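Using the hints provided, position chain R relative to the given structure of chain A.
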Amino acid sequence: KAGVTQTPRYLIKTRGQQVTLSCSPISGHRSVSWYQQTPGQGLQFLFEYFSETQRNKGNFPGRFSGRQFSNSRSEMNVSTLELGDSALYLCASSLGTGGSYEQYFGPGTRLTVT
Amino acid sequence: AQKVTQAQTEISVVEKEDVTLDCVYETRDTTYYLFWYKQPPSGELVFLIRRNSFDEQNEISGRYSWNFQKSTSSFNFTITASQVVDSAVYFCALRSYYGNNRLAFGKGNQVVVIP
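Which chain is which? The protein sequence lines are A and R, in order.
Residues 1 to 114 (my numbering) are what the first sequence spells out, left to right.
Residues 1 to 115 (my numbering) are what the second sequence spells out, left to right.
Isolated chain A (complex conformation) (with noise of 0.2 Å):
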């Protein structure tokens, strides 16, 4: 079984631009959760989407965006990118949401911004 990929992996943009990642979750999952990882921050949830729809929403400016389609694959947009968006972006699928689903995390995408 194929686990979550995640594209691109590496990223180079620049301040201001705007930014879509793809990530793919396991096959017959329906959650998709994404993360931004800095080494100041950490590891910091950004939302879920689980049957199309926001489910959850972390406390990230309005910039950072994200949709599910209906074959779970899921895309997060970052608009008018700033310095401080230089990250590695996770996503994590599940089955289910809620309950003792287990989240299964892809390699991640690497964006940096100049």
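Treat the hints as calculated values from the structure; they're not laboratory data.
These numbers were taken from a predicted model, which means no experiment stands behind them.
Ideal Cβ placement from N, Cα and C applies to all residues, glycine included.
Treat the hints loosely; a few may be bogus.
Said to hold, decoys possible - Okay, the calculated beta carbon distance ranges per label pair:
1. R/Lys16 with A/Gly96: 20 to 30 Å
2. R/Val46 with A/Pro61: 22 to 32 Å
3. R/Gln57 with A/Pro39: 31 to 41 Å
4. R/Glu17 with A/Gly96: 37 to 47 Å
5. A/Gly42 with R/Val112: 17 to 27 Å
6. A/Gly84 with R/Ser42: 33 to 43 Å
7. R/Val14 with A/Thr14: 16 to 26 Å
8. A/Tyr10 with R/Phe54: 35 to 45 Å
9. A/Asn77 with R/Val46: 22 to 32 Å
10. A/Gly99 with R/Lys16: 17 to 27 Å
11. A/Ser86 with R/Ser42: 35 to 45 Å
12. A/Arg73 with R/Ala7: 30 to 40 Å
13. A/Leu11 with R/Phe54: 23 to 33 Å
As the list claims (entries may be wrong) - Listing some non-contacts, in silico: residues in chain R with all C-beta distances to chain A over 12 Å:
14. Gln6
15. Val13
16. Glu17
17. Gln39
18. Ala81
19. Ser87
20. Ile114
What the hints assert, rightly or not - Okay, derived cross-link-like pairs now, DSSO-like style, lysine-lysine, Cα gap no bigger than 30 Å in a straight line:
21. A/Lys57 with A/Lys13
22. R/Lys107 with R/Lys38
23. R/Lys70 with R/Lys38
24. R/Lys107 with R/Lys70
25. R/Lys38 with A/Lys57
26. R/Lys16 with A/Lys57
27. R/Lys70 with R/Lys3
28. R/Lys38 with A/Lys13
29. R/Lys16 with A/Lys13
30. R/Lys38 with R/Lys3
31. A/Lys57 with R/Lys107
32. R/Lys38 with R/Lys16
33. A/Lys13 with R/Lys107
34. R/Lys107 with R/Lys3
35. R/Lys16 with R/Lys107
Positioned in the frame of chain A, the structure of chain R alone reads:
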């Protein structure tokens, strides 16, 4: 609000020594899950263990063991007879039982095993 504290940032040990990673958590939920993840240099978070709040049995898996004490809100992790391959960042995380998959992570422990 949920909070996870991992006080030690970097821990260095000589190969074959034991290392214990402390995790203290705060939550208002009565039912919740605790996790440990390993993050090798490749970046992917690797699941190690999940413990629910109503099961306080300690667990051992090979060289790994976990001590859950609800009375002190702690969920500590011990690696016995450490190996170089154990060098990684280890994260403790907390999740509510109900409603969503949101994980609250600690800052992580960088473990360096010196050969």
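Query raised in the report: Has the given pair, lysine 38 of chain R with lysine 3 of chain R, been kept, meaning a C-alpha gap of at most 30 Å?
Result: 19 Å, holds
Query raised in the report: Is the distance from the Cβ of serine 86 of chain A to the Cβ of serine 42 of chain R consistent with 35 to 45 Å?
Result: Hint violated: Cβ distance 19 Å, outside 35 to 45 Å.
Query raised in the report: Would you say serine 87 of chain R is clear of chain A, with no C-beta pair closer than or equal to 12 Å?
Result: 18 Å, holds
Query - Hinted pair lysine 16 of chain R and lysine 57 of chain A, Cα distance within 30 Å - result: 42 Å, violated
Requested in this report: Just tell me: holds or violated, for the beta carbon distance of lysine 16 of chain R and glycine 96 of chain A against 20 to 30 Å?
Outcome: The hinted range 20 to 30 Å is violated for lysine 16 of chain R and glycine 96 of chain A, with Cβ atoms some 41 Å apart.
Query raised in the report: How does the Cβ-Cβ distance of glycine 99 of chain A and lysine 16 of chain R compare with 17 to 27 Å: does it lie in that range?
Result: Check failed, 40 Å falls outside 17 to 27 Å.
Query raised in the report: Is the Cα-Cα distance between lysine 38 of chain R and lysine 13 of chain A 30 Å or less?
Result: 29 Å, holds
Report task. May I ask you to test the hint 30 to 40 Å on the CB atoms belonging to arginine 73 of chain A and alanine 7 of chain R? Result -> 39 Å, holds
Query - Minimum Cβ-Cβ distance from valine 13 of chain R to chain A exceeds 12 Å - result: Correct as stated: the minimum Cβ-Cβ distance to chain A is 23 Å, above 12 Å.
Query raised in the report: Between lysine 57 of chain A and lysine 107 of chain R, does the CA-CA distance stay at or below 30 Å?
Result: Since the Cα atoms of lysine 57 of chain A and lysine 107 of chain R sit roughly 20 Å apart, the hinted pair holds (cutoff 30 Å).
Query raised in the report: For the pair supplied as a hint, lysine 16 of chain R and lysine 107 of chain R, is the alpha-carbon distance within the 30 Å limit?
Result: 25 Å, holds
**Report entry** Distance restraint between lysine 107 of chain R and lysine 70 of chain R, which requires alpha-carbon spacing of 30 Å or less
**Finding:** 21 Å, holds
Violated hints, listed in ascending order, are 1, 6, 7, 10, 11, 13, 14, 17, 26, 29; each of the other numbered hints is respected by the structure.
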